[in-house]
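Colleague: Residues per chain are reported as follows:
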Amino acid sequence: MSLVTLTVNGEGRSLDVEPRTLLVHALRDHLGLTGTNIGCDSSSCGACTVLVDGLSAKSCTMLAVQADGAEITTIEGVAEPDGTLNSVQQAFHECHALQCGYCTPGMVMAAMSLIDEYPDLDEAGVRSGLEGNLCRCTGYQNIVDAVLQAAATAATANAPAGSTP
Amino acid sequence: MIPAAFDYEVADSAAHAVELLSRGGDEAKLLAGGHSLIPMMRYRLATPSVLVDVGRLDDLRYIERRNGAVAVGALTRHSELEHSGVLAEHCPLLAAVAAEVGDPAVRHRGTLGGTLAHADPASDLPAAVLALGGTLVARGPGGDREIAAADFFTGWFESALAPDEMLVEVRVPASTGGWNYQKFNRRAQDWAIVGVAVADGGSGVALVNMGSTPIRAAAVEQALADGATAADAAALAAEGLDPPADLNADADFRRHLARVLTRRALTAAGVP
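Protein chains in written order, with numbering that gives the first Met the number 0: chain Z, 0 to 164; chain B, 0 to 271.
Bound-form chain B, shown alone (with noise of 0.2 angstroms):
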C-alpha cells in the first residue's frame, strides 16, 4: 500500500499554491495534513500526478475575532479547534465537534480547510460548518471569493471549488446559543453512521452521513421556528432524504438514527 509516483512541490504561500495547481492541471492535488488524502493514495483511489504541500503555511493557521464572526485560517488543525480559547467563548460548538474527529493523532495532522475541501458527507466538521451558516474563502487564480457553506457542498466528494482553488479560510458567525453535537458509531474511532450538529438552539441542524453530502436539516429548522417541540421538530429528520446503506445502516435504520439524534441533540442544546 505504497502510493503510486507523483512530483511533489512545496507551496510557500496560497497564491504560490494556486499558481502549482494551475500549472499542475486536473492532475493535481493539494496537501494540507493529508489524513484524508494519502489513506486514498495509498488505496490508489486517488492518483494525483502533482501534490502541491500546503502544510507548511503558517500564516493560514489562525482562529480570531473578526466583526461579530470568528475567522479560522484553512490549515488550522483540529487540535488546534478543540483547544482554543477563541473558540470555546465564542463558537463552542466547532471546538466540540474537532475534538469528535478521529482520535488525537489524526487531529494533530489534519486540518479544517482539508476536511471542508475533501468534502466527504461522513466527516464531523462540514456538518458543523453547515449549521452554523458559515463562509468559506477561496483563492484563486482570480483572487478570492465567498462561497457559503450552503453551497459548498455539490456531491459525494465534490465542492464547489474549482481544480485550481485553495480555501483559504472558513468564517462563522459568533455562536453561543444552545449547541449540541450527536454522533453515532458502533466502533471507537470510526466515521459517523450519522450525526447531527444543532447550533443556536435549534436554528442551524445539519446532519452527517445522511446523503451524498452533509444536509441541512431544513424541515426541523423551519418546525421549530414555527414554534414545535424538539420531538416533534425532531420527528421531521429524515424528512425527503435518501441516505445510503452499507454494512454498517441501511437507509431506514439512518433514517431512524436521523430523528433520534436529533431529538436528542435538540434537547441537550435546551429546546423545549
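Okay, chain Z solo, but in the shape it has when bound (with noise of 0.2 angstroms):
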C-alpha cells in the first residue's frame, strides 16, 4: 500500500491505496467524490476530467499515487460554498448545455482549463479543445454555445481596468 496525500478541493486529505488504484477510483471510492463520472474507462471519453494542479487531466488515465502531493479539483470544488454556480456551470445553465448530464462534470472541467489555456477561443478552438469529452445525447452545439459564453465572461474578467471588450 502506498501513502498518498493530496489537496482535494482546498481540503488535505490522506488515503492508503494500492500503487494500481486510479486517481478516479481514489476520488470516487475512498473519498466519497462521486461527481467525477467513470465513461469509456479508457482515456477517450473525458467524463473522469479533473484538475491537477489546475490543468485538466483524465482521472482514468492516472494513478493515484501519481496525484501524491498534487492539488485536485472536482466538479464539488468548483461552486462558491453558498452554492453559487461558477462561470462555466452557470453558462452551461443559461445555455441548456446539458441533458442526461452525464458528461457535464468532465465537460464543465475541462472548459475551465481550456478557457485558462487559450485566452482567444473561438468556436472552433471549442470544438477542439474539447474533442477528448464525448456527449453521447449529442448536445454539443449548446455546449460550444455555454464554452464561448463563460470565455467571454473570463475575457472581460480579466481585461485591464479601462480598457474596451
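No lab work stands behind these hints: they were computed from the structure.
The C-beta atom is built at its ideal place from N, Cα and C for all residues, glycine as well.
Among these hints, one or two may not hold up.
[To be verified] With the Cβ distance kept under 10 angstroms, some of the chain Z side facing chain B (calculated, not the full set):
(1) S55
(2) T83
(3) A109
(4) L129
Each of the two chains sits in its own frame; use the hints to bring them together as a complex.
Modeller: Structure below.
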C-alpha cells in the first residue's frame, strides 16, 4: 500500500491505496466524491476529467500515487460554498448545455482548463479543445455555446481596467 | 479494467531511475505521463512488475536553445511544447505537432520522452523528431549516449533503448524553413490513419503509421534535392512501403493517403 496525500477541493486528504489504484477510483471510492463520472474507462470520453494542479487531466488514466502532493479540483469544488455557480456552470445552465448530464462534470472541468489555457477561444477552438470529451446525447451545440459564453465572461473579467472588450 | 498489481518506486533523479530499472530487470518499466503505458496496463497488454515513476523529475522539463539546436528535457509535457516561445521561434514544427496530440487533457500529462520511448508508429511526435533529424540522449548505467532519431525506432513499440536506459533529452536542430504537418483521421482525438511531417522545405519528410516505425520518406527527400516539384516528389511517398491494414484503412488506401498528404504538406511548406 502507498500513502497518498492530496489537496482535494482545498482540503488536505490522506489515503492509503494500492499503487494500481486509479485516481478516479481514489476520488470516488476512497473519498466519496462521486461527482466525477467514469465513462469509457479508456481515456477517450473525458467523463472523469478533473483538474490536477489547475490543468485538466483524465483521472482514469492517472494513478492515485502519481497525484501525491498535487492539488485536485473536482466538480464538487467548483461552485462557491453558498452554492453560487461558477461562470462555466452558470453558462451551462443558461445555454441548456446538458441533457442526461453524465458528461457534464467532465465537460465543465475540461472547459475551465480550456478557457485558462487558450485566452482567445473561438468556436473552432472550443470544438477541438473539447474533442476529448464525448456527449452521448450529442448535445454539442449548446455545450459549445456555453463554453464560448463562459470564455467571453472570463475575457471581460480579465480585461485591464479601462480597456474596452 | 484495473492494472495488474506492481511495485511502485519513485525516482528522485535520472541516475536513480536507471538504478531502479537495473534492479527491476526486464519486468521494470518507466512511468512518465502514463498516457500510453497506463491504458496498456489497464488492458493488461502491459504487466510490469515494477513501475519506476520519473514523472517528478522536474529538472528534465525544459526547452532551451543550445549551440544552434533546441534541447528539450525528456519529461517536457506536450502542452509545454505547444506553448513554448523558444519552439515558436526556433522550431515551430515541433510545437505544431505537439498541439495535434490527443486532446488538451492528454497533452497536459504526456511527455516527449515518453512518446518517443513508447515508439508507437501511429504517434505524431516521433515522426516530427525524425523529420527534423533529431538526436536522442539516453542515460544508462555507463553514462549518456546519443542516438540519432533515424536509428532509434527499431520496430512496433520497439526502440534502441536498452531495458536499463532512460531518455533524458531530445535535441533538434533549429529549423525555421518551410514546415507542415498533415494528420488524417476520421474521428476527433484518434491516432493518425496516416500523417506526414515536413521540415525545412522538404529536406526532412517523415511518415506516421505507414509501417512498423515512423519512416523517413527518403525517395521524396531525394527527389526534392534533385529539383522535383512538390507534386512529383509526393508521388514517391509510399515507394517501397508496406503499411498496415486495419479497420480504418487497407494498405492501398494508406499509400494513397501518404501521397496526397505529402503533396499537401510540401505545398503548405512552400515547396513549389
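Colleague: Hint by hint, say whether it matches the structure.
Modeller: Now the hints, each set against the structure:
For the restraint placing Z:S55 at the interface with chain B, the shortest Cβ-Cβ distance is roughly 4 angstroms, inside the 10 angstroms limit, so the hint holds. Hint status for Z:T83 relative to chain B: violated, with the closest Cβ pair at about 26 angstroms, above 10 angstroms. A least Cβ separation of about 6 angstroms between Z:A109 and chain B falls short of the 10 angstroms threshold, and the interface hint therefore holds. Taken as an interface hint, Z:L129 checks out: its beta carbon lies about 8 angstroms from the nearest beta carbon of chain B, inside 10 angstroms.
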